[in-house]
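Asker: Produce the complete structure using the sequences and hints provided.
Under the numbering used here, the residues of the sequence shown are numbered 12 to 82, in order.
Accuracy of the hints is not assured; some may be wrong.
What the hints assert, rightly or not - So the derived label-pair ranges between C-beta atoms look like this:
id, residue 1, residue 2, range
1, Asn81, Leu43, 25 to 31 Å
2, Glu64, Val40, 29 to 35 Å
3, Lys68, His32, 20 to 26 Å
4, Arg67, Thr16, 20 to 26 Å
What the hints assert, rightly or not - Simulated crosslink set (EDC-like; lysine to aspartate or glutamate; CA at most 16 Å straight-line):
id, residue 1, residue 2
5, Lys14, Glu57
6, Lys52, Asp19
7, Lys52, Asp22
8, Lys14, Glu53
9, Lys20, Glu53
10, Lys68, Glu53
11, Lys52, Asp38
12, Lys52, Glu34
13, Lys14, Asp56
14, Lys20, Asp38
15, Lys20, Glu64
16, Lys68, Asp28
It should be emphasised that the hints constitute simulated quantities derived from the structure, not laboratory data.
Quick reminder that beta carbons are idealized off the backbone N, C-alpha and C, glycines included.
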Amino acid sequence: MIKFTRLDKSDILINPDLIEHIELNSDTVVTLTNGRSFVVKESSDEIQGRVIEFRRKCFQPRLADQPDFNN
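Answerer: Below, the structure is given as structure tokens:
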């Protein structure tokens, strides 16, 4: 889940796998695959960066899980 900020300054956690599209008007509107929409303070660039970082953390292999080929 990724944390975003609504216009009333409350936080909302959104599953990035459910983001269908982002509208850029005077406000940033995040629309999910289920049709629900949320107006957030973050810019589209911030949203993209957070989604990329989230995916990087999810799919990057952890060093502790790597086999030790030195032994």
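Asker: The structure should be examined with respect to each hint, and the outcome stated for every one.
Answerer: Structure-based check of all given hints:
Between Asn81 and Leu43 the beta carbon distance is about 46 Å. The supplied range of 25 to 31 Å is therefore violated. Between Glu64 and Val40 the CB atoms are about 21 Å apart, so this pair departs from the stated range of 29 to 35 Å. A hinted range of 20 to 26 Å for the beta carbons of Lys68 and His32 is consistent with their spacing of about 23 Å. Hint check: Arg67 to Thr16, Cβ distance near 22 Å, so the stated range 20 to 26 Å holds.
Taken as a hint, the Lys14 and Glu57 pair is honoured in the structure, with Cα atoms around 11 Å apart against an allowance of 16 Å. In summary, the hint linking Lys52 to Asp19 is supported, as the alpha carbons are separated by about 9 Å, within the 16 Å threshold. Annotation: proposed proximity of Lys52 to Asp22 holds, straight-line Cα distance about 10 Å (limit 16 Å). A distance of roughly 10 Å separates the Cα atoms of Lys14 and Glu53; the hinted pair therefore holds under the 16 Å criterion.
About 11 Å separates the Cα atoms of Lys20 and Glu53, which keeps this hinted pair within 16 Å; it holds. Restraint check for Lys68 and Glu53: not satisfied, since their Cα atoms lie roughly 20 Å apart, outside the 16 Å limit. For the given pair, Lys52 sits about 7 Å from Asp38 by alpha-carbon distance, which is consistent with the 16 Å threshold. Of the supplied pair hints, the one linking Lys52 and Glu34 holds, its CA atoms being roughly 12 Å apart against a limit of 16 Å.
Restraint check: the Cα-Cα separation between Lys14 and Asp56 comes to about 15 Å, which is no more than 16 Å; the hinted pair holds. Among the hinted pairs, Lys20 with Asp38 is consistent with the structure: their alpha-carbon atoms are about 14 Å apart, no more than 16 Å. For the given pair, Lys20 sits about 23 Å from Glu64 by alpha-carbon distance, which is inconsistent with the 16 Å threshold. Between Lys68 and Asp28 the alpha-carbon distance is near 14 Å, which keeps this suggested pair within the 16 Å criterion.
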